[in-house]
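A.B. asks: Below, each chain spelled out in residue letters.
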Amino acid sequence: MKNNKSEETKDLQTLMDKVPDHLFIKCPVCEENFYNKKLGEYKLCPNCGYGFRLGAQERINLTVDEFTPIDSEISAPKRFLGDEKYAGKLEKSKKATDLNESVQTGFAKIGDTEFALGVMDSRFIMGSLGTATGEKLARLFEQATERNLPVVVFSCSGGARMQEGIHSLMQMAKVSQAVSDHAEKGLLYISVLTDPTTGGVTASYAMEGDINISEPHTLIGFAGRRVIEKTIQQRPPKDFQRAETLLKNGFLDAIVKRDQMKSVLAKLLAWN
Amino acid sequence: MVKAYDRVLAARSADKISIQDLVAGITDDFMELHGDRAYSDDPAVYAGIGTIAGQSVTITSIQKGNDTDENIERHFGSAEPSGYRKALRLMKQAEKFNRPIINLINTPGAYPGMDAEYKGQGYMIAQSIMQGLKLKVPYISVIVGEGGSGGALALAVGDTVWALEDSIYSVLSPEGYATILWKDSSKAAEAAEQMQLTPKELLDNEIIDKIIPEVKDAKSMQNFKEALIEKINELNKLPKEELLAQRHERYRKFN
Ligand SMILES: [Zn+2]
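Chains X and Z supply the protein sequences, listed in that same order. All letters in the first sequence, in the order written, are residues 1 to 272 by my numbering. All letters in the second sequence, in the order written, are residues 1 to 255 by my numbering.
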């Protein structure tokens, strides 16, 4: 009986291997396998509610009624492009995302409410914080300050962009300063931390919102898991650096499922 | 010419002056103040009030240990959220009493521990940067040895940022850089050459404003102290709006 079962499993596995990958999807959080049609337009795991990663444009389409991009042409400064490997990565990312940097910025509307919107794209060199990423975000906050508009930023990032070295680190200061100027004028900033938000982005504008919200099971942290494991010589638990843990520890205002995000943002924007 | 990695080793050298000796050397008198007022007192952050040439100043610093025990206690100069909370508390206090702030930095980076993450490492660094940029008092940061990543930046958003001759300031360690880009941490020396982390390169890139001759004797200590006094006097003369406008320009220009 036991033997039969294992053979049956083996057969199933062989069958599964022949099925095109994209038909079935495995949730990286709960590890449930499911038919891709069950993902739906919001790309949610039907079992645990985890939101699969979205490109910036997809996110914008799902979240706002109108969007007018600004500064789309801004990309990594020429002085970095001598590094051929980096230049190649940039080209590949541009093709994959249809963006010139790891964040799309512009002005958006939900209903009649206008606000400034920044959405990072994790497919663009891991959503890392390049000089141009920082420039676009700083300009977004500056323009919102000038026009008395609230700002919403959807972060997702592997952190600083190694290839731009210390210049990447300086973006944390530059953007934080623009956030602070915006705050001093009494304007609202909602930070939405999406999967994954780590490193220098967590240690700057993603954690500077008046309201910081996230999606279920989002990875949020400063240090990388591997660095931590190496330092403390033990494995952190499964819920380590997940949104639910940050909520419990007091670092998030709320966890909002992706299909509720638009209505929650509309409400918060209206109340402020 | 000194190779970049030699500078890395010098910045990390056990012979490097300790932060406590540096503070004792530049102040006439100094009293350490403790605690983050939330739950802890991080020994990696050494902070307090003192006087320099009669002028009261607040000093906050990130320090390594002088021996193994101290290093273990201070996580080899890696601060926890509690340390940043203490530093920020004392910097805000300096603002209240209109005292200049001097931050001395020797850290390989913020501590990568589980508890540090649970207690909001990212959040506290973010707040230190954002609130630090707006402090309405003269704010001088000095990279003394290692200036590691966001953990250093948290205390390095002042009106002017200096670096000791044997110091480095970078987005991550050369070992980490080599691991990420080439999957080989033994290529740290090669990484150091690429990273532009030496004081000379940092000055050329306007990341820092001044290189301070290495403090290793009474004369170089006096030189450092005089440079601080001169800068404090200069910044003290600026109207607050001008001080903040100049600081704003300093960080806005990184594009
Ligand atoms: Zn799931």
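Just so you know, the hints here were simulated from the structure itself, not pulled from any lab data. Remember, predicted model here, so these are calculated numbers, not experimental data. Don't take each hint at face value.
Said to hold, decoys possible - Simulated pairs of lysine-lysine, DSSO-like, Cα-Cα distance not exceeding 30 Å:
{"id": "1", "chain 1": "X", "residue 1": "94", "chain 2": "Z", "residue 2": "134"}
{"id": "2", "chain 1": "X", "residue 1": "95", "chain 2": "Z", "residue 2": "183"}
{"id": "3", "chain 1": "X", "residue 1": "185", "chain 2": "Z", "residue 2": "96"}
{"id": "4", "chain 1": "X", "residue 1": "230", "chain 2": "X", "residue 2": "89"}
As the list claims (entries may be wrong) - Covered by chain X, per the in silico footprint, the following chain Z stretches (three or more residues, Cβ under 8 Å):
{"id": "5", "stretch": "107 to 113"}
{"id": "6", "stretch": "167 to 174"}
{"id": "7", "stretch": "245 to 252"}
Ideal placement from N, C-alpha and C gives every residue a C-beta, glycine not left out.
A.B. asks: The structure should be examined with respect to each hint, and the outcome stated for every one.
C.D. replies: Verification of the supplied hints:
Distance check on the hinted pair: residue 94(X) and residue 134(Z) sit about 36 Å apart at the alpha-carbon level, beyond 30 Å; violated. At roughly 26 Å between alpha-carbon atoms, residue 95(X) and residue 183(Z) fall within 30 Å of each other, so this suggested pair holds. A C-alpha spacing of about 21 Å is found between residue 185(X) and residue 96(Z), which places the hinted pair at or below 30 Å, so the restraint holds. Between residue 230(X) and residue 89(X) the alpha-carbon distance is near 29 Å, which keeps this suggested pair within the 30 Å criterion.
Evaluation of the coverage hint for the stretch 107 to 113 of chain Z: fulfilled, as 4 residues show C-beta separations to chain X shorter than 8 Å, against a requirement of three. Coverage of a stretch by a chain is defined here by at least three residues with a beta carbon nearer than 8 Å to that chain's beta carbons; for the stretch 167 to 174 of chain Z and chain X the count is 4, and the condition holds. Counting residues of the stretch 245 to 252 of chain Z whose beta-carbon sits less than 8 Å from any beta-carbon of chain X gives 3, enough to reach three: the coverage restraint holds.
The structure fails to meet hint 1 from the earlier list, while all remaining hints are met.
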